[in-house]
Amino acid sequence: MAEIMELGEAVESLVSDGDSVAFEGFTHLIPFAAAHEVIRQGRRDLTLIRMTPDLVYDQMIGAGCASKLIFSWGGNPGVGSLHRFRDAVEKGWPESIEIEEHSHAGIANRYVAGASNLPFAVLRGYVGTDLPKVTSTIAPITCPFTGEELMAVPALEPDVAVVHAQQADRNGNVAMWGITGIQKEAVFSARRSIVTVEEIVDEFEPRPFQIVLPSISLDAVSVVPNGAYPSYAHDYYPRDNAFYEAWDPIGRDRGKFEVWMARHVFGVEDFAEHLRSIEAEGMVKE
Amino acid sequence: MSGTTNGNATYTADEMMSIAASRELRGGVVCFVGIGLPSEAANLARATHAPECSLIYESGTIGAKPEVLPLSIGDGELAENADSVVSVPEIFNYWLQAGRVDVGFLGAAQIDKFGNINTTVIGGDYDEPKVRLPGAGGAPEIAASAKEVIVMLRQSPRAFVEKLAFITSVGYATGGNSREKLGYPGAGPSVVITDFGILRPDPETKELTLVGLHPGATVEAAKEATGWKLKIADDLETTYEPEEKELQVLRDLKERTEAARKAG
Numbered sequence: 001m002a003e004i005m006e007l008g009e010a011v012e013s014l015v016s017d018g019d020s021v022a023f024e025g026f027t028h029l030i031p032f033a034a035a036h037e038v039i040r041q042g043r044r045d046l047t048l049i050r051m052t053p054d055l056v057y058d059q060m061i062g063a064g065c066a067s068k069l070i071f072s073w074g075g076n077p078g079v080g081s082l083h084r085f086r087d088a089v090e091k092g093w094p095e096s097i098e099i100e101e102h103s104h105a106g107i108a109n110r111y112v113a114g115a116s117n118l119p120f121a122v123l124r125g126y127v128g129t130d131l132p133k134v135t136s137t138i139a140p141i142t143c144p145f146t147g148e149e150l151m152a153v154p155a156l157e158p159d160v161a162v163v164h165a166q167q168a169d170r171n172g173n174v175a176m177w178g179i180t181g182i183q184k185e186a187v188f189s190a191r192r193s194i195v196t197v198e199e200i201v202d203e204f205e206p207r208p209f210q211i212v213l214p215s216i217s218l219d220a221v222s223v224v225p226n227g228a229y230p231s232y233a234h235d236y237y238p239r240d241n242a243f244y245e246a247w248d249p250i251g252r253d254r255g256k257f258e259v260w261m262a263r264h265v266f267g268v269e270d271f272a273e274h275l276r277s278i279e280a281e282g283m284v285k286e
Numbered sequence: 287m288s289g290t291t292n293g294n295a296t297y298t299a300d301e302m303m304s305i306a307a308s309r310e311l312r313g314g315v316v317c318f319v320g321i322g323l324p325s326e327a328a329n330l331a332r333a334t335h336a337p338e339c340s341l342i343y344e345s346g347t348i349g350a351k352p353e354v355l356p357l358s359i360g361d362g363e364l365a366e367n368a369d370s371v372v373s374v375p376e377i378f379n380y381w382l383q384a385g386r387v388d389v390g391f392l393g394a395a396q397i398d399k400f401g402n403i404n405t406t407v408i409g410g411d412y413d414e415p416k417v418r419l420p421g422a423g424g425a426p427e428i429a430a431s432a433k434e435v436i437v438m439l440r441q442s443p444r445a446f447v448e449k450l451a452f453i454t455s456v457g458y459a460t461g462g463n464s465r466e467k468l469g470y471p472g473a474g475p476s477v478v479i480t481d482f483g484i485l486r487p488d489p490e491t492k493e494l495t496l497v498g499l500h501p502g503a504t505v506e507a508a509k510e511a512t513g514w515k516l517k518i519a520d521d522l523e524t525t526y527e528p529e530e531k532e533l534q535v536l537r538d539l540k541e542r543t544e545a546a547r548k549a550g
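Same order as they appear, the protein sequences are chains A and B.
Oh and the first sequence: position 238 is 238 in the working numbering, straight run, nothing missing.
Throughout, the working numbering is defined as the position within the second sequence, counted from one, plus 286.
Hints should not be assumed to be uniformly reliable.
Derived coverage of chain A by chain B (criterion: at least 3 residues anywhere in the stretch with Cβ under 8 Å from a Cβ of chain B; other residues may be distant) [what the hints assert, rightly or not]: (1) 21-32; (2) 67-78; (3) 181-187; (4) 196-206; (5) 229-238.
The calculated PhoX-like cross-link candidates involving lysine-lysine, where the alpha carbons are at most 20 Å apart (straight line), are [unchecked claim]: (6) Lys-540(B) <-> Lys-351(B); (7) Lys-91(A) <-> Lys-416(B); (8) Lys-133(A) <-> Lys-540(B); (9) Lys-515(B) <-> Lys-449(B); (10) Lys-467(B) <-> Lys-433(B); (11) Lys-68(A) <-> Lys-133(A); (12) Lys-449(B) <-> Lys-509(B); (13) Lys-433(B) <-> Lys-133(A); (14) Lys-68(A) <-> Lys-91(A); (15) Lys-133(A) <-> Lys-351(B); (16) Lys-256(A) <-> Lys-91(A); (17) Lys-449(B) <-> Lys-517(B).
Read the hints as simulated data drawn from the structure, not as lab findings.
All residues carry an ideal CB built from backbone N, CA and C; glycine is no exception.
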């Protein structure tokens with residue numbers, strides 16, 4: 001049963017140094033507010049899991065939270081590189097980071113296996129690519145019924161899954177809609193979970209392609225309006241493409257990055273203050 | 287290649303590339319679309335000669351009908367008018383892996399003569415690369431399981447290389463029937479569209495061969511832009527120039543996209 005609590009308290013009680021943590025949200029509903037809270041609380045040595053690291057992991061990696069990254073596509077969508085991610089991989093700054101690299105299908109099936117309490121998943125893929133040479137968590141397997149050769153990938157079982165959604169009700173049930181990506185699988189694969197939501201409502205209305213995560217599958221629900229900014233929350237606010245573009249020169253330069261993080265993440269109390277802080281510098285639209 | 291003026295229309299080599307790629311998409315097909323250039327070409331096809339094609343994006347949107355080009359693979363625009371929106375495991379397992387995708391439409395950072403693709407690392411070795419690229423994303427399984435694959439990328443010696451630093455997605459492996467031995471359900475890349483022209487695999491060796499040149503491009507320039515000894519088809523064709531409607535629709539699409547981004 002989920003407890004509705006402050007985000008700071010949720011991170012404090014559910015995320016520890018050395019944990020494996022999956023912050024999911026496929027372009028949509030990326031849990032930036034929760035990531036900033038983890039950064040602010042100074043978590044270290046995390047294994048970060050996420051299909052598309054996006055700016056959220058660029059910030060966490062640059063802030064030194066991570067010792068390992070499990071991912072399948074590490075770019076700034078529509079803009080270019082994740083420079084903090086690249087700096088860590090290419091130059092070991094701020095510290096070297098181990099990477100475990102898959103395809104989207106590989107990671108997706110690893111979550112499904114974890115959510116199903118199976119040791120591994122099977123898929124058609126990877127054969128003939130160089131990925132099995134560099135990623136030890138890809139291995140061939142023979143079907144016991146047909147003899148067919150397939151590829152196996154081990155289950156992902158993160159210590160914590162963190163996702164953002166549009167709404168929760170007063171019992172801590174969570175509703176999300178629009179593109180819901182891999183969030184359900186991430187939550188069910190993890191030992192503990194934190195969900196941030198735009199708002200709490202008395203009752204959910206039917207929405208196209210809506211999924212509901214029952215309160216009994218969750219640990220903490222925290223209300224953080226705009227908590228997915230600069231990504232978007234369908235029916236709440238659009239993706240701030242300008243922010244993604246503006247991030248490029250900030251992320252590209254270690255000094256600029258450190259100044260930005262000091263001012264807008266470490267130097268603020270919470271996400272609401274973060275948004276006011278960047279708005280003051282013209283980096284939030286509307 | 288930069289701008290080209292030809293015949294009665296002025297257009298850029300990039301516009302010619304997008305238009306040539308869009309023409310490869312037949313009406314009624316189910317197309318799994320990569321972001322960037324493939325998305326532009328696929329939506330141009332949908333807005334011109336192939337309104338019936340179903341565009342699928344890896345974020346789980348099926349039958350997406352974006353009014354403007356998405357900047358990312360999971361923009362809300364893609365979900366807004368989609369026939370359905372499903373989870374990521376469902377899109378890869380039930381759709382792609384299950385053989386429900388006719389055409390995979392991919393971009394690439396590097397390609398070799400057998401249509402294998404690198405989007406992972408360039409230079410140095412894997413652990414200490416010169417350039418770390420975004421990685422695999424959905425491409426390996428699109429290349430594996432789509433019934434056929436269309437690749438589009440700009441042609442240059444850095445992109446068209448003799449040997450890939452990393453094979454992220456398989457085309458025809460080492461050529462000949464080597465792809466078949468890998469057991470993939472899909473047939474592999476049927477065409478590669480560049481800003482110079484059109485390449486197709488040789489039926490026997492599977493080596494990419496220049497079969498078409500865009501107006502204004504030359505065989506010599508295409509060879510110079512290729513890091514291997516490029517084979518040229520005997521009956522080399524010239525791509526039809528962009529029709530007025532194609533150019534108009536492409537430019538409108540890009541203008542709408544630009545305006546939407548500025549309005550944010």
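Go through the numbered hints given earlier and state which of them the structure violates, listing their numbers in rising order. Hints 4, 8, 13, 15 not satisfied by this model.
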